[in-house]
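*Asks:* Using the sequences plus the hints, can you model the full thing?
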Amino acid sequence: MNTLQELSSQISNFEYKGHQFSCLTIEGEYNVLRVEVSDLEEMPIFLTITEAQILCISYLFNNNEIHQDKIPELNQYLLELSVPMPLSAFAIVDEYYAIFGALSCGSTLESIADELVTLAANSSDSLQALEEFIK
Amino acid sequence: MNIVTKLLTAIRGSAREIGEAVVDTQSLRIFEQEIHDSKENLELAKKGLTEVVAKKMAVERRIESTKADIAENEGYAVKALEKDDEELALQVAEKIAGLEANLEERNIELESYSRNTEILKSQIKEAEKIIAEHERELAMVKTRESVQNATKSVTQTVTANDSAIGSARESLERIKQKQQNEQDKLEAGIQLRKDIEGDDLEQKLKASGIKQEKHSAEDVLARLKKK
Numbered sequence: 000m001n002t003l004q005e006l007s008s009q010i011s012n013f014e015y016k017g018h019q020f021s022c023l024t025i026e027g028e029y030n031v032l033r034v035e036v037s038d039l040e041e042m043p044i045f046l047t048i049t050e051a052q053i054l055c056i057s058y059l060f061n062n063n064e065i066h067q068d069k070i071p072e073l074n075q076y077l078l079e080l081s082v083p084m085p086l087s088a089f090a091i092v093d094e095y096y097a098i099f100g101a102l103s104c105g106s107t108l109e110s111i112a113d114e115l116v117t118l119a120a121n122s123s124d125s126l127q128a129l130e131e132f133i134k
Numbered sequence: 000m001n002i003v004t005k006l007l008t009a010i011r012g013s014a015r016e017i018g019e020a021v022v023d024t025q026s027l028r029i030f031e032q033e034i035h036d037s038k039e040n041l042e043l044a045k046k047g048l049t050e051v052v053a054k055k056m057a058v059e060r061r062i063e064s065t066k067a068d069i070a071e072n073e074g075y076a077v078k079a080l081e082k083d084d085e086e087l088a089l090q091v092a093e094k095i096a097g098l099e100a101n102l103e104e105r106n107i108e109l110e111s112y113s114r115n116t117e118i119l120k121s122q123i124k125e126a127e128k129i130i131a132e133h134e135r136e137l138a139m140v141k142t143r144e145s146v147q148n149a150t151k152s153v154t155q156t157v158t159a160n161d162s163a164i165g166s167a168r169e170s171l172e173r174i175k176q177k178q179q180n181e182q183d184k185l186e187a188g189i190q191l192r193k194d195i196e197g198d199d200l201e202q203k204l205k206a207s208g209i210k211q212e213k214h215s216a217e218d219v220l221a222r223l224k225k226k
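Same order as they appear, the protein sequences are chains A and B.
Taken in order, the first sequence gives residues 0 to 134; the numbers are from numbering that gives the first Met the number 0.
Taken in order, the second sequence gives residues 0 to 226; the numbers are from numbering that gives the first Met the number 0.
Among these hints, one or two may not hold up.
Under the rule of at most 25 Å between Cα atoms (straight-line distance), these lysine-lysine pairs were calculated in the BS3-like manner [claimed, not checked]:
1. K184(B) x K16(A)
2. K177(B) x K134(A)
3. K69(A) x K184(B)
4. K134(A) x K175(B)
5. K16(A) x K177(B)
6. K16(A) x K175(B)
Everything labelled a hint here was simulated from the structure, so no lab data went into it.
Since we're looking at a predicted model, the values are computed, not measured.
*Replies:* Shown next, in the form of structure tokens:
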């Protein structure tokens with residue numbers, strides 16, 4: 000999977016476990032593909048392709064959207080959740096808490112679709128599991 | 000030289016600023032140049048090793064031939080002594096002494112070549128290890144940088160447009176609303192099936208006469224007749 004355009008056109012016509020993918024390319028220094036997984040549209044995924052990997056990120060919340068006094072507890076919780084969570088891990092990017100997965104550039108379309116569906120589902124589940132931390 | 004430490008320090012410190020390179024391209028270029036130079040030196044060392052090994056083999060060959068010469072001349076000396084030609088035996092013995100001195104020199108030379116070979120081999124091994132390690136570090140720095148840039152770029156691109164990421168609370172409410180709708184639909188479906196099944200049962204009971212119609216025409220007529 001070499002380019003975002005290639006991936007975008009292929010995955011838009013692909014169905015995985017009853018989910019479809021709706022893509023939008025956002026132009027920038029690195030082009031970003033915004034992917035909505037059907038039935039999980041609330042948690043869009045932002046995908047980039049670099050020399051090293053295919054990176055998929057879903058943003059959970061901004062730092063200022065959570066109860067500041069609960070941050071240490073939240074961080075602890077996220078670290079504990081990262082391993083049991085299939086395919087994805089938690090991260091902090093700038094002021095955002097995010098959930099992400101990375102794939103080899105040689106991944107098949109099916110692997111990428113699996114990653115996107117799993118990540119969107121993990122993102123949605125996580126947001127619900129973390130409700131007590133959100134203002 | 001320790002670029003990884005530099006990298007980690009940079010990440011902890013000022014590189015959090017959006018758009019700032021993790022490691023400036025200048026130091027990356029210097030590091031790449033160092034790896035390139037190390038590789039050239041390694042090639043020279045390998046060439047040097049080949050030469051030393053060739054010299055060592057030449058010395059070994061000469062030692063063998065000197066040993067053969069000594070053995071040959073020892074044979075002559077013995078034969079001269081057998082013929083009681085003391086003078087000839089002495090001349091041969093002098094030649095043998097010369098050969099033995101030569102052999103000793105060659106042996107010292109051989110030992111020195113052997114030592115040099117060992118030293119060069121271990122130096123080459125060490126250099127190869129260091130170069131591989133540096134290349135791995137460089138790949139890590141470059142990957143890190145490209146991922147860092149890509150991640151920053153994604154966040155920048157995404158956050159520049161407010162609608163790209165909604166608020167967490169809104170997303171959460173939408174998810175909950177959707178799940179509630181799903182649940183409602185499911186329950187409605189169950190209820191509807193119950194109703195239909197219930198109707199069916201009623202019909203069957205009535206058809207079999209077990210359950211009587213509350214307001215049948217016969218009942219009404221009977222009631223009126225009693226009046």
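*Asks:* The structure should be examined with respect to each hint, and the outcome stated for every one.
*Replies:* Checked hints:
Under the criterion of a C-alpha separation no larger than 25 Å, the hint pairing K184(B) with K16(A) is consistent with the structure, at around 22 Å. Of the pairs offered as hints, the one joining K177(B) and K134(A) holds, with about 21 Å between alpha carbons and a cut-off of 25 Å not exceeded. Of the pairs offered as hints, the one joining K69(A) and K184(B) is violated, with about 36 Å between alpha carbons and a cut-off of 25 Å exceeded. Between K134(A) and K175(B) the alpha-carbon distance is near 16 Å, which keeps this suggested pair within the 25 Å criterion.
Proximity of K16(A) to K177(B) is assessed by CA-CA distance (about 19 Å); at most 25 Å being required, the pair is judged to hold. At roughly 22 Å between alpha-carbon atoms, K16(A) and K175(B) fall within 25 Å of each other, so this suggested pair holds.
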